[in-house]
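Trainee: Fit chain B to the known structure of chain A by using the hints.
Chain by chain, the residues run as shown.
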Amino acid sequence: MNNHTILEMRSITKEFPGVKALSEVSLEVQAGEIHAICGENGAGKSTLMKVLSGLYPYGDYSGQIFFQGEEVQFKDIRSSEAAGIVIIHQELALIPELSIAENIFLGNEPTRFGVIDWDYVNRTTLELMARVGLSEDPITKVKDIGVGKQQLVEIAKALNKSVKLLILDEPTAALNESDSQHLLDLMAGLRSKGISCIMISHKLNEIEQIADSITIIRDGKAIETLHIKNDGVDEDRIIRGMVGRSLESRFPDHTPKIGETFFEVRNWTVAHPTVSDRLVCKNSSFHVRRGEIVGFAGLMGAGRTELARSVFGRSYGTFKSGQILINGKEVTLRSVPQAIKAGLAYVTEDRKSLGLNLLDDIKSTTVSADLKRITHGLVVDRDEEFRIAEEYRKSLRTKTPSVNEGVAKLSGGNQQKVVLAKWMFTDPDLLILDEPTRGIDVGAKYEIYGIIQKLADQGKGVIVISSELPELLGLSDRVYTIFEGAITGEVAREDANQESLMKLMTASRKSA
Amino acid sequence: MNSLKQIFGGDTRQFGMIFALVALVVFFQWRTGGKTLTSVNMMNLFNGNSYILILAIGMVLVIIAGHIDLSVGSVAAFVGIVVAIAMRDWGIPWYMGALLGLVLGALIGAWHGFWVAYVGIPAFIVTLAGMLLFRGANQSVGNSLTVPVPEGFRYLGAGYLPEVGPNTGYNNLTLLIGFALVAFVIYNEIRGRRRLAKIHADLPPTWVPVTKVVLLSAVILYATYLFATGRPGTSFPVPGLILGVLVIIYAFISNKTILGRHVYAVGGNRHAAELSGVQSKRVNFMVMMNMSILAALAGMIFVGRSTASGPSDGVGWELDAIAAVFIGGAAVTGGVGTVVGSIIGGLVMAVLNNGLQLLGAGADDTQIIKGIVLLVAVAFDVYNKSQGKPSIIGLLTRNFGGGSGGGKSSAPTPQPAPTEQAVGTKEVITHDV
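Residue numbers (my numbering), protein chains in the order written: chain A, 864 to 1375; chain B, 60 to 492.
So that you can see chain A by itself, here it is in the shape it has in the complex (with noise of 0.2 Å):
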């Protein structure tokens, strides 16, 4: 270790029951610099960072930690902090509600005699706001400032713990692009000071323009860190390392059926639903044939669900405008009952939060989507009810004791397929599924492309959304690219390769 490093992480092993997230990761930080981690979704960054913040306590995890020379064991948050990491979380950790000089002092308020001291609180704030490039009055509520604002707050909080190592995650996912180019200023000015930044960050050109190294990360290992100048690094090379995972088959053999067009969207405009001059879906076109796979390809926060919510129904965001045709006829679809109707189905991405009534069983759940098709009169028929959840445990080979269980106590992948009987039970044309193996285990994961190959096979229509680019390519037939609630490409599979849809996916634009 030389005078210059300020972190060492030494095989840093990670688990959970089941799978292995970080697996021997050594990471090295030099004192003032800005170092990139770079890694597909899911790859282990953002567990590496809780373990680096003490989220994830010392003996939950393998491997040491070095800071600033000295071997460290943080217990929680507060103990890195003491040390002089600070972590910078995507989703701000401010409290809408209270004053910027209130969040900035949060939990760790000056008092005399007692008493929280103001005006020690509102001059330390000003000064920081200063450094960090803000100028507002301390005792504006955050939630009336700008997401870029706010973190400006969040990055003079870390300032004000008189931090040492700065890590943002994704600071700038939210941020337009005078906000980002704010951000990045700022940081080179933090470095010039001496303070340290570790940034995760899926935007190559920023990575580019303001990371001193870069360290890759895939599939729980650390693949290469990269000096930025030293090694002439730019995008094509970065990718390439985040990607470079041989494909093995991981896919079920298939030769799809492809018949003519049946779904079409036009033009479609969404704007944020409580943001309204944010748009979240721009001017999107994209069509879908019988038996085709067609996959959405786009990182977190790309917009990919919500274009995909708002069709279902306008179940996302506000209308603006656009089309959607259906067997060459404009249909208008207000609500996720008519979606229902017009033969969409929508699996959700958090199955936990928006998909799956956890309190209900198997049987329930499977029927769900469509009781009417059960209910003879008033009565829903509860024999008819647990002979079709039988009858979809047995053809998707469900892993369960008996369809009475709670859904609750199924493992991520069997959850899945009984979401996914639900709505093969509403015998839909276009199944739209939004990351369909997240959080599952591998084999899961080919059981379910073959049931999505086998709808695909019934003449049904499919959209898979996903962040794993490898998935997309082994199961598509056409691949969309979407940046920013814009398509910014369409790749037939013989074309497509990780390289080019990550070119499409990360910022140069291509009309579609």
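Away from chain A, derived, C-beta distances all over 10 Å, residues of chain B:
1. Gly93
2. Pro207
3. Phe243
4. Glu248
5. Thr265
6. Trp266
7. Val391
8. Ala422
9. Val435
Estimated spans, in silico, between C-beta atoms of each pair:
10. A/Lys1317 <-> B/Phe243: 41 to 49 Å
11. A/Asp1099 <-> B/Thr392: 46 to 54 Å
12. A/Val1242 <-> B/Pro263: 22 to 30 Å
Simulated from the structure, these hints should not be mistaken for lab results.
Just so you know, even glycine gets a beta-carbon here, dropped at the ideal spot from N, CA and C.
Mentor: Chain B in isolation, oriented as in the chain A frame:
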């Protein structure tokens, strides 16, 4: 073993409450020297508590959907005074008065439902406002005076079935109801078993249903005997009859219909329900509206019983109804609860009240004891959930009425099965968190 646990222990609170109810009755019967289980006392018990139990039926649906209704006492009082005045001043017959009351209840419910479901104001606030609003309206309309109601209307709150048929020394209609219930219990058990056999589910050993049917029939026949042998001119009371019919209707709705499923779905996970095509706003509107209709009915029954509508009718009813629902196994977070469970919870409170009165306890002691019972009942349940304890009562009452256990001497009804599952899975979640 795990599934056994779930079957027997899944709804521990409800089974525990049946047990507690029986124990309470036995205890008071002993302590009062046999004054509890007399026909007069039982009639009083039903007449004096039916309106709270009717409120509990509506309240449990509101709570399953994830809301609360604090306005029920005031709504009941307001409807009571309006109906009383309408009958006195406009001279409308009592049944038109009752109809007017129900329509008024529906309008008030629509008002609450509008604010809760379509404007999105928490039901706590909306109904707190409603509580003040309709209490004030009651006193404003009635000038804070007491208004008597005509004879026909009193039948609703204190009436008895007529004597018909041959002179058997019993009230024939009460006997008829009792025998019909026993027949229903037996039929239901056989049907339930056939159904289980048809879908190849595990059948419980034969002694289980036999014991269950014998026990239940004995309880029903004993209750029938009590009610049929009251002084001449009495029978199973009319308010109890109304309650019984409502329990059957609402247990059916919550358990067997799409609307019922949707109430559980919205309370369990509103977002998931919406993404499955459930119109959660409509569901919320319906449960709030339904609550006020039942509050109107409860108010009218109370007025009928006390022969007049007054300015402080219904004070504190909302709290009794809410307590009954929580004792009966509902979850504060929504998604869990049953109609029958709430009725049992309400009966536990009623028997406690009644027994303590018979023992000569004051209102102060009664309140203290009721408070402790509420706390202990819920604490017992939380503890059981964390332990996954099995329950013998669960074994005996399993599959009664097409679903899971339960059943009361007054009104055995089809039992909602989802609760058994729902509470069972809630257990799991508690473990995870």
